[in-house]
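Colleague: Sequence:
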Amino acid sequence: MTDSRPSRRLRQGRASLAISFFVQGAIFALLVTRIPALQDRYGISDGLLPLFLAAVPILAGVGSVGTEHLVKRMRPGLVLRLVQPIVSLALLSAGSGTTVWQLAAALAVFGLTVGALDASMNMLGVSLQRAYGRSIMLGFHGAYSLGGIAGASLAWVGAHWDLPLPTLYAPLVATLVPVALIASRWYVDHRGAEPTEVVRNETTVGMRALLPLCLVMAFAYIGDSTVSNWSAKYLEDVLHSSEQLATVPYNVYMVTTLLGRSFGDLGVRRFGAVAVVRAGALLAGGGFAVVAAAPGAWLGMAGFTLLGLGLCVLVPQTFAAAGRLFPGASDVAVARLNIFNYVGFLIGSPLVGALGGAWNYRVAMLVPMALVLMTIRYARSFSPVPAGYGDGHERPRTVDVG
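In case it helps, our numbering puts the sequence shown at residues 1451 to 1852.
Keep in mind that a hint or two might mislead.
Below, in silico cross-link-like pairs of lysine to aspartate or glutamate (DMTMM-like), each with a Cα-Cα straight-line distance of 20 Å or less [what the hints assert, rightly or not]: (1) K1683 / D1496; (2) K1522 / D1639; (3) K1683 / E1693.
Just so you know, the hints here were simulated from the structure itself, not pulled from any lab data.
Please work from the sequences and hints to get the whole structure.
Modeller: Below you can see the structure in the form of structure tokens.
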């Protein structure tokens, strides 16, 4: 009888990667939650600000594409070890400059390296899940959500005490960069194939086969960006809440995202990825429906709660499914799939804003609802072969499970 417990090395690799997900969640939250302060610091007009914000995900997509080619020559763990400190330092540079060109340069570096970071982190997560032989991807993204909550909380402290951005960012970056570097010593690159085999199998990653997962990724981020960009405005302008109450839905969304990801791996092991993805899509669609129909703020917040519980499972499972679909070239598949993270982010917020401005925001909420529900159509793409994970579903650890 063989011991099915993961080795100490794998457990250390899992913990170290979770730390990197946490650090990145905190860094990203510290950027996006202090955008008004960045705007004030550099005197950027409301008309020019969207160009700066759009440049980040566009460049991140370029960084993700570049990582696809970079991992042919070096392992994803080394890429992550190199770019994570650069992302953190780019945040500090963005908050410390004095001229617009300095902000533009800092955000350009941030965008390019965050794309490489997102791709390489998820490459490592997929390969570690394969080595474990059971679902662990949701846990990594749960660590990201926890980092996001921590970063947003620290940003609130900075705003409350009116701290200058360099005063807020410098000690945090000085803490997080060493933490990430120390954790990187225990990364585990447990590929299902050697680098030469990955290159040789690159042609097997056809976009036709990957397209359903790309659509799911984009739909999930359209939903996510709708919450992050429009939840406060929706509660205040449509549901007539107070300004203070309007800040609550995103926090509730982040907390429920963390909760859902904390327990989501257990659901995948017990019921299989397909069932969890379908349940997540239904919950998220129901959440958007509740938000669109809510007569008041409290019911609207209940809808955002459902959204967090539903959307949180889709992205991690989409990366895991790409690893299962292309076991010999999972790094390439993850890098290409990661691009649609930024596609969804770019589409979601402007789409809801345009529909809300031209018609009304209740109707606008039905569009991401419909897109998220379309995920159900592609749920079979998440099915392992021949079975799912967990009790009655899990495949042997010697077989690739993404």
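Colleague: Let me make sure I understand: some of the numbered hints might not hold for this structure. Which ones are they, in numerical order?
Modeller: none
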